[in-house]
Amino acid sequence: MRGRTPWVVVPLAAVGVAYVALPFAALLQRAPWTSLLDEVRRPVVTDALQLSVTTALAATAFSLVIGIPLAWVLARTSIPGRSSVRALVTLPMVLPPVVGGAALLFAFGRRGLLGGPVYDTTGLLLPFSAWGVVAANTFVAMPFLVLTVESGLRAADTRYEDAAATLGASRWTIFRRVTVPNAAPSIITGALLCWARALGEFGATVTFAGNLQGRTQTMPLAVFLALESDRDAAIALSLVLIAVSLAVLVPLRDRWLAG
Amino acid sequence: MLHAVLGVHLGDLHLDIDLRIDDGEVVALLGPNGAGKTTALRAIAGLHPLDHGRITLDDTVVDDPGTGTFVPTAERSMGMVFQDHLLFPRQSALDNVAFGLRARGASKAAARHAARAWLDRFDLTDHAGALPRTLSGGQSQRVALARALATEPRLLLLDEPLAALDASTRLRVRTELRRHLATFAGARLLVTHDPLDAIVLADRLVILEAGRVTQTGTPALVTSRPASRYVAELVGINLLGGVADGERGVLLESGTVLTVADPLPGQEVSVAIRPRAIALHRHQPDGSPRNAWRATVADLEADRDRVRVTLAGPVPVTAELTPAAVAELDLAHGTPVWASVKAVDLTTYER
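The listed protein sequences correspond, in order, to chains A and B.
To convert, note that position 127 of the first sequence is 127 in this note's numbering; the numbers rise steadily by one, no gaps.
To convert, note that position 217 of the second sequence is 217 in this note's numbering; the numbers rise steadily by one, no gaps.
Keep in mind that the hints were calculated from the coordinates and are not lab data.
Glycine included, each C-beta is placed from N, C-alpha and C at the ideal position.
One should not assume that every hint holds.
Unchecked claim - Here's a subset of chain B near chain A, in silico, CB distances under 10 Å, partners left out: (1) 75; (2) 88; (3) 103; (4) 144; (5) 151; (6) 282.
Claimed, not checked - Cβ pair distances, simulated, as ranges: (7) A/87 with B/136: 43 to 49 Å; (8) A/73 with B/133: 54 to 60 Å; (9) B/49 with A/170: 16 to 22 Å; (10) B/59 with A/122: 41 to 47 Å; (11) A/73 with B/117: 48 to 54 Å; (12) B/133 with A/247: 54 to 60 Å; (13) B/227 with A/84: 42 to 48 Å; (14) B/89 with A/242: 34 to 40 Å.
Using the sequences and the hints given, assemble the complete structure.
Structure representation (structure tokens):
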């Protein structure tokens, strides 16, 4: 569209780019490059990184197991109140995560709706454990997977499922061997988005799981804490998070961001 | 043996037909878009329930809303070839063909072993590991056919099996399909909007118009005695019988020899010519590999924007011309003309 550029758009777009780029530049400018390797090797960093990566992976795995069937129900069935179910499932996307964390406490806490009876009978407790981090991550990140997979299932050609039925496949076989493989691109995209969201999760995690180094202190929590006491460590942690996020963004770029 | 009394209401379409296909018979359901052909096929396959009627396959009732009987698609002994083949895109040709056997409980090894034999039979041995998107249109169609036949169904359904192919491969694939269809012993039903496909592939045509059957009969009967103007327009195809004379010549009953482009499929052949492929001239056309013969105009019939010209002479055919061409040639009853047709416009198949 050369020659049709509305010129007022260009400086505004430049401001947009600068607004995103400047904080990263400032972070890089303040980075303790000489001691960076030593900073990254400190236990507070490695503990947090290990916890963040594993809990985000576990949350993604849980989201896949329950999120794909949920997306299928939303995309392919006409159960009553379906749009209400969709609104409910996506609520954690727009809800302040702290509120989500509080709600999780009232449900799964020691005196929670479900957590109370479970603790009384088994002694198992979800909050303030690594599993609590996983629970908070799943709560906040699963909607990204569900919405992405749902739109993928809606766009898929259901005649492939008809073809499988004429070949004698049961509904479960069709789901497993035709529906899910055909939706693979949206499942991969959804899983990456879900994982990235889980990795950055702060509010629900700190509310529900606390901030115990080596147990529930994830990267974002460690960054927040380090900013108060140890700027160099905070910057090192931030750079690691940026590197991990970029590693997720690059495979997504072609499929999702390029549109 | 299939006996399908189909009553389906779908939007503006009211499908109401009675269809019987014996084992060994190939029936073509022919009609324009929107006539209900695909809906009929989907109803027989169990992909769309009947509103009323009854579908019986051999001695089993598979759908009868009157008694509440409905056998799901997966439990009906039917194979189906879909319009754009619908091969599973992430599975190799071999796994596509093995799919039905695995779904019916065969082990992976046994299913693949059987699938390999089917691929061999359809000249696809070298493409076993190929993904569908790397196959040509003709290969993809053979995989779809092998996949549908691998479960050894009692009924084979084909939905516009040639529609996804471009014109150049269509001719060859049509001949191949005819050969492969002949190897299947059960009942076969194919749906098409192309009269040439129907005539070449089927033993019997069923003309479907707005949800109802308007004529049924052998291709020769339907083309020579169309029951309505509509059918005449739809299947207005010239069909001639002859015997092979050498490799590329067909000797007609009148003694005239027509030259065809491809080697003949057998001794006794039928030649199909679309009316639009026949050109008329006032003088003998210049020396070319075309087939040309003397004829007389026996009848002229205006049909919307075309004129159908019936020719008497050694090759009894009907040509279709524009009104402008008719005026330019100054055609009238009894006008002597030369008729010509290119060898590539002759479709031949074994009788």
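That 43 to 49 Å hint for residue 87 of chain A and residue 136 of chain B (C-beta), does it hold up? holds (48 Å)
Checklist line | Consistency of beta-carbon spacing, residue 84 of chain A to residue 227 of chain B, with hint 42 to 48 Å | finding: The hint (42 to 48 Å, Cβ to Cβ) is violated, given that residue 227 of chain B and residue 84 of chain A are roughly 56 Å apart.
Exercise for review: Could you check the hint for me, namely that residue 89 of chain B and residue 242 of chain A are 34 to 40 Å apart, CB to CB?
Suggested key: Given range 34 to 40 Å: holds, Cβ gap about 36 Å.
Checklist line | Minimum beta-carbon distance criterion (10 Å), residue 103 of chain B to chain A | finding: holds (4 Å)
Let's test the interface hint: is any C-beta of chain A closer than 10 Å to that of residue 282 of chain B? violated (52 Å)
**OP:** With a cut-off of 10 Å on the beta carbons, see whether residue 144 of chain B makes it to chain A.
**Re:** holds (9 Å)
#### Entry: residue 73 of chain A paired with residue 117 of chain B, Cβ distance criterion 48 to 54 Å
Check failed, 40 Å falls outside 48 to 54 Å.
- prompt: With 10 Å as the cut and Cβ atoms as the points, is residue 151 of chain B at the interface with chain A?
  reply: Interface hint status for residue 151 of chain B: holds (6 Å vs cutoff 10 Å).
### Interface hint for residue 88 of chain B, Cβ within 10 Å of any Cβ on chain A
Holds - the Cβ of residue 88 of chain B comes within 10 Å of chain A, reaching about 6 Å at its closest.
Problem - Pairwise beta carbon distance, residue 73 of chain A to residue 133 of chain B, judged against the given window 54 to 60 Å - result: Violated: the Cβ-Cβ distance is about 31 Å, outside 54 to 60 Å.
Review point. Using the C-beta atoms of residue 133 of chain B and residue 247 of chain A, is the stated range 54 to 60 Å upheld?
Key: violated (30 Å)
query = Should the hint that residue 75 of chain B touches chain A count as held when the rule is a Cβ pair under 10 Å?
reply = holds (8 Å)
The earlier numbered hints that this structure contradicts are 6, 8, 10, 11, 12 and 13.
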